[in-house]
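Number of protein chains: 2
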Amino acid sequence: MRYELFYWPGIQGRGEFVRLALEDAGASYDDVARRKGGINRMLAMMGDRGKHPPFAPPLLKAGKLVIAHVAEILFYLGPRLKLAPRDEVGKLWLHQLQLTVTDFVKEIHDTHHPLGGEFYYEDAKPEAKRFTGNFLKQRAPKYLGYFEHVLKKSGGPYLLGRKFTYIDLSMFQLIEGLRYAFPNAMKRIERRLPDLLDVHDRVAVRPGINKYLASERRIPFNESGIFRHYPELDA
Amino acid sequence: MRYELFYWPGIQGRGEFVRLALEDAGASYDDVARRKGGINRMLAMMGDRGKHPPFAPPLLKAGKLVIAHVAEILFYLGPRLKLAPRDEVGKLWLHQLQLTVTDFVKEIHDTHHPLGGEFYYEDAKPEAKRFTGNFLKQRAPKYLGYFEHVLKKSGGPYLLGRKFTYIDLSMFQLIEGLRYAFPNAMKRIERRLPDLLDVHDRVAVRPGINKYLASERRIPFNESGIFRHYPELDA
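Residue numbers (our numbering), protein chains in the order written: chain A, 1 to 235; chain B, 1 to 235.
Just so you know, these hints were derived from the structure itself, not from any lab.
Just so you know, these numbers come straight off a predicted model, no measurement behind them.
Some hints here could point you the wrong way.
When chains are identical, the list treats them as one kind, so a pair holds in a single copy or across two.
Only pairs whose alpha carbons sit at most 27 Å apart, straight line, appear in this in silico DSS-like list of lysine-lysine [to be verified]:
| no. | residue 1 | residue 2 |
| --- | --- | --- |
| 1 | K152 | K36 |
| 2 | K142 | K125 |
| 3 | K51 | K163 |
| 4 | K106 | K64 |
| 5 | K129 | K64 |
| 6 | K61 | K137 |
| 7 | K125 | K153 |
| 8 | K51 | K211 |
| 9 | K152 | K211 |
| 10 | K91 | K106 |
| 11 | K64 | K125 |
| 12 | K125 | K163 |
| 13 | K36 | K125 |
| 14 | K51 | K125 |
| 15 | K187 | K64 |
| 16 | K152 | K51 |
| 17 | K163 | K129 |
| 18 | K82 | K142 |
| 19 | K125 | K91 |
| 20 | K82 | K129 |
| 21 | K125 | K152 |
| 22 | K129 | K153 |
| 23 | K91 | K61 |
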């Protein structure tokens, strides 16, 4: 199966959580919107043509099937890429963890856009500072501490125990992104996350990921994505 | 199967999307945290005891299985309550729509808490006004217009076509809640949603829902839940 991924070009964004799974598994896929004419194809799929119009990218096309939402795409791909357990209970637990990542990612996005994506960052800077102050003090430690706790309960080395799954790839991306956006705050927050950092380091040296990170397919972090480095927000 | 639902007592909140499915299907369930000692049981399940500790309520217990996140709970319950199609493609499409509801509900929550749930409403009122202004002008019409579009593409009368599913119950709850929170703005927004209003009206007269809404099990909307009526926010 050759997959087609549709996501805004120029940023890692939410699409990156899907890319990491495809890359780790060595799956065959096209990153369609990064090619000539690809954005138009993506917009057409969101418009009037398909039977099941998605609300927003990322989208995955697998044969005739088109699905959206990172957590659903990973739920679908997981067993096919051998990045999920086989039993129903395990699959639901993994999906549940990924849905918590979804919520976390939305809050990370809101550090620079607390009033909505329709405002420019410059037009809501004091609000971004208040939001981010609370985020770095309360929310990020709460979410990350939760995943550290899950890891301890699993017995490690991965979030589901001995089985490596797509949630471990998402943990890698969260830590990479938060280090980029908030290097100062993360130095402090990381101290309480020894097992999560171990997952991060294990992911970084996996052959598929290692090769991907060194390639041009990995778009550098930048100030158009989810994880943005605005020094004034990083206490 | 007798289900156990765990959610904060005193509000409809996110738990209500699950309650509506259980009630429509006439399922047997306990709303545990509304009984004596129930909150402690809920907190214990989120703590150190279980193998798969959830991040936040609502939680559903079905036999030994404990799952969290509204969309995952409905994904699990859907086929069991005959509120989902049987085929995989249909189930994924339904889940995808519910995940879009999840995103919408988060934005609805943020109308009164744009800087984070840790701030009192009174401490971020100007921010709530700016957020809500944009929400009512851009976001709510975008989300609701999307669901209206989906309905048109399905051929109706329900979001998946002829098959009634849990997403229709969520549409009912969204419209009820938004009417409660923003009666003025909704009068304007609703004009473009004839088919969605038809779904709302069909849901209201379903026997299970009709009985539920008239019962004490339906907690009235209030200013502790997701949908809050603050007149100053309703343009």
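For each hint, the structure was consulted:
Taking the shortest Cα distances, K152 and K36 never come within 27 Å of each other, neither inside one copy (46 Å) nor across copies (32 Å). In the homo-oligomer, the alpha carbons of K142 and K125 lie at most 27 Å apart both inside one protomer (24 Å) and across protomers (25 Å), since each shortest distance falls under that limit. Taking the shortest alpha-carbon separations for K51 and K163, only the inter-copy value of 15 Å comes in at or below 27 Å, while the best intra-copy value is 36 Å. For the homomeric pair K106 and K64, neither the shortest alpha-carbon distance inside one copy (29 Å) nor that between copies (31 Å) is at most 27 Å.
Taking the shortest alpha-carbon separations for K129 and K64, neither the intra-copy value of 45 Å nor the inter-copy value of 44 Å comes in at or below 27 Å. In this assembly of identical chains, K61 and K137 lie within 27 Å of each other by CA distance neither inside one copy nor across copies; the values are 39 Å within and 32 Å between. Proximity of K125 and K153 under a CA criterion of 27 Å is satisfied in neither setting, with 39 Å inside one chain copy and 41 Å between copies. Taking the shortest alpha-carbon separations for K51 and K211, neither the intra-copy value of 37 Å nor the inter-copy value of 35 Å comes in at or below 27 Å.
Proximity of K152 to K211 under the C-alpha cut-off of 27 Å is found in neither arrangement, the shortest distances being 29 Å within a copy and 45 Å between copies. Both within a single protomer and between protomers do K91 and K106 lie at most 27 Å apart by alpha-carbon distance, with minima of 23 Å and 25 Å respectively. Within a single copy, K64 and K125 get their C-alpha atoms no closer than 44 Å, and across copies no closer than 47 Å, so neither meets the 27 Å cut-off. For the identical chains of this complex, K125 and K163 are neighbours neither inside a copy (43 Å) nor across copies (47 Å), given an alpha-carbon limit of 27 Å.
In this homomeric assembly, K36 and K125 never come within 27 Å of each other (Cα to Cα): the closest approach is 35 Å inside a single copy and 46 Å across copies. Taking the shortest alpha-carbon separations for K51 and K125, neither the intra-copy value of 41 Å nor the inter-copy value of 42 Å comes in at or below 27 Å. Within a single copy, K187 and K64 get their C-alpha atoms no closer than 45 Å, and across copies no closer than 39 Å, so neither meets the 27 Å cut-off. Taking CA atoms no more than 27 Å apart as the test, K152 paired with K51 passes between copies only; the shortest distance there is 10 Å, against 44 Å inside one copy.
Proximity of K163 to K129 under the C-alpha cut-off of 27 Å is found in neither arrangement, the shortest distances being 39 Å within a copy and 47 Å between copies. Taking CA atoms no more than 27 Å apart as the test, K82 paired with K142 passes in neither setting, with 30 Å inside one copy and 37 Å between copies. With identical chains, the CA atoms of K125 and K91 are never at most 27 Å apart, being 40 Å at best within one copy and 41 Å at best between copies. Taking CA atoms no more than 27 Å apart as the test, K82 paired with K129 passes in neither setting, with 41 Å inside one copy and 47 Å between copies.
Taking CA atoms no more than 27 Å apart as the test, K125 paired with K152 passes in neither setting, with 38 Å inside one copy and 40 Å between copies. Taking CA atoms no more than 27 Å apart as the test, K129 paired with K153 passes in neither setting, with 35 Å inside one copy and 42 Å between copies. For a Cα distance limit of 27 Å, the shortest separation of K91 from K61 qualifies both inside one copy, at 21 Å, and across copies, at 16 Å.
This entry does not satisfy hints 1, 4, 5, 6, 7, 8, 9, 11, 12, 13, 14, 15, 17, 18, 19, 20, 21 and 22, going by the numbered hints stated previously.
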